[in-house]
Amino acid sequence: MESSVLLFYVLAALILISAVGVISAANAIYSALCLVTTMFGVAGVFLNLGAPFIGAVQVIVYAGAVVVLFVMIVMLLDLKKKERPLQSRSVSSGIKVAIPALLVGIVVAAAQMSIDFATQEGAAQSGGFLVSTKELAQLLLSKYLFAFEAISLLILVVIVGAISLARSPGGTHVGPQ
Amino acid sequence: MGQDGFETTINLIKLLLIFLAMIQAVPVLVWVERRGSAFIQDRFGPNRVGPLGLMQLLADAVKFIFKEEFSPNKSVRAIYYMAPVAALVPAALALGALPLSTPIHVAPFEWLGRSWGPYTFEMQSFDIPVGIVYVLAASSLGVYGLLLAGWGSSNKYSLMGALRASAQMMSYELSLGLSVVGTILVFGSLDFHTIIKAQEGFMHFHLFGSEIQIFLPNWGIFYQPLAAIIFVVAVFAESNRLPFDLPEAEGELVAGFHTEYGGFKLLLFFMGEYGHMIVASGLFSIFYLGGYGLPWVDTITVTEFFSGIFSHSTTASIVTSIFYLVLFLIKIALFIWLFMWVRWSLPRFKYDRLMDLGWKTLMPLALFNIILTASIMFLAHFIHWGV
Amino acid sequence: MVPLIAIMVITVLATLFGAALLFFVSKVGPKVKISEIKSLSYECGLVGEEKKSTKVSVKFYLVAILFILFDIEIIFLYPWAIIYNDMLTTNAVFIFSEMMVFMAVLLFGLFYVWRSGALRWD
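Protein chains in written order, with the numbering used here: chain Z, 1 to 177; chain G, 1 to 387; chain B, 1 to 122.
Think of the hints as simulated: they come from the structure by calculation, not from any bench.
Among the clues, some could well be false.
Said to hold, decoys possible - Negatives, chain Z to chain G, calculated, CB over 12 Å: (1) L16; (2) V57; (3) M72; (4) V107; (5) Q112.
Stated by the list, open to error - Covered stretches of chain G, going by a simulated chain Z footprint (3 or more residues, C-beta under 8 Å): (6) 53-65; (7) 157-166; (8) 262-269.
The beta carbon of each residue, even a glycine, is placed where N, CA and C say it ideally should be.
Bound-form chain Z, shown alone (with noise of 0.2 Å):
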């Protein structure tokens, strides 16, 4: 089995086995650091795929910041040990599983039918580094320059509302500026 295909496997159970601890675990803390290796499989899948650059852009937005971001959260929150969502051999934790995961698996196997990923330009292979740096670069600025520009404005959208939220009572500072 060609190395590329071995290493997607490994990375494929990291991700689907740190994903049910996300959901699963007692503490929101162990929920948090599960999504942070969740994170790194999905870096490692992308890096596989000949895409370094994506996958050391997710570690650094997602891992390094989202994630910590969350993990802030829980600390200050100081959550209690809430009663376990899925209690195990129980029919009711069973269904709780099912069903979600059914629909999920409907949904993805009605996208797969409606694409034809075999003809898509640039469909990734596994193995060496596809794309590299400067097409994706090249093709951000001429192709997709208006969702560049637009990500500018939405990110100063995010900024204000993150600041006014902030000014609620209690916030960081009382009244007008």
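The hints should help you fit chains G and B onto chain Z, whose structure is shown.
Relative to the frame of chain Z, chains G and B by itself:
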């Protein structure tokens, strides 16, 4: 990992050696810190154990091994023990991507009755094409060690220390990322090898058709002085070294996020911190001091010089690699001495001044640097200067 | 793909090294004698009350959120910086001006954050 067993084995051994080198650098660096700080403060440092006190760290490590291992009562055990390991992994990951020297080319040779083909061994754990972004990703994972340590100790002062430390690290990571963009603009690539190769030789310009060569080496620090300064300041804050020492705050929060740690767990934290210092020094050398290169002299010239001395090409390649490795280590050592020197010379920042420096001074400066560099390159292109 | 294998090996190696070291030290050291006083959290030697409901300022959350946003902006600067030199020869004005637009919005965001007091006494 290699086309046959020999290459795979050598590459795995190389991975192990680079990791162990980072671990083994800690006793040396702590000795340098203690003797160096004593020298700055006009007193003797450790000078009893072994010649010049060199065995002091060995004695300390042995002492740590035999200490009692306990954890505070209400701490979350798993996270309390996970935190020191989480502080060690990012530094090890980041160090793997830095090129330490020129690659070793092994000519085909005969051994055990069969011929082993020509190999090329890179002097780094792995060669990733997006080197800089990967190292920034690995550094941004350093926050977890702090946060988990503060939480796992179940001590509200440790938690406060950990929160302040993580807020400080995040603020200065932004300036770090921005200062590096200026260097990428000048050299045009994310790959470490391209950046090092672009810094060979003398600085030269084409000025209105004629080529001018200046006496300075073609190093990044002369192209991007402002970015170099911002990088140095940001990297001090990233490794939680004085003057950005508040997370460890001896005298304020007792010992910050690692109050409840003793013995070998504390040593693992210091391994992570010194590992970050080594990576930071290596990055500074690669971006601004020409990496492992000799100033003013090309790599080709030195390779040919050594090929002229040693007849066997493998030996010449190995000697060239060792020569450049020593050069790189000298540059790293100089920068680490700068770390230590600053630590014992400057007072500590107050927390609000620290965050102000990160957000209101360094970030606008770094953004200004990017705009300035891009504008200069734009204008230079229009006046057909060509750099 | 070779980097991926190496990264996984280094992660596993570092984790096992740390874990093995801690395990070894816990076995070699003297037996843990648990005493009530020793297991208390350290509060400068005093026996403090441990009410864990400390109120933490929302400034830390705001710094984390702003960090995410500005980090995403920085990520977009990297691809632009790589091809800047090459595209100067083909389409200089375009590539310079589009990034200036991006940075103008980013700078306005930073200016807004500064002026609205979110960075005050952080």
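Do the hints match the structure? See the list:
Against the 12 Å criterion, L16 (chain Z) stays outside the reach of chain G, whose nearest CB is about 22 Å from its own CB. The non-interface label for V57 (chain Z) is inconsistent with chain G: the shortest C-beta to C-beta separation is roughly 7 Å, within 12 Å. Not every CB of chain G is more than 12 Å from the CB of M72 (chain Z) (nearest about 7 Å), against its label as outside the interface. The Cβ of V107 (chain Z) lies farther than 12 Å from every Cβ of chain G, with a closest approach of about 31 Å, so its non-interface assignment holds.
Q112 (chain Z), annotated as away from the interface, keeps every beta carbon of chain G farther than 12 Å; the closest lies near 30 Å. With 0 residues carrying a beta carbon less than 8 Å from a beta carbon of chain Z, the stretch 53-65 of chain G misses the three-residue requirement, and the given coverage is violated. Under a criterion of three residues with beta carbons nearer than 8 Å to beta carbons of chain Z, the stated coverage of the stretch 157-166 of chain G is upheld, 3 such residues being counted. Note: the stretch 262-269 of chain G has 0 residues with beta-carbon separation from chain Z under 8 Å; the three-residue rule is not met and the coverage is violated.
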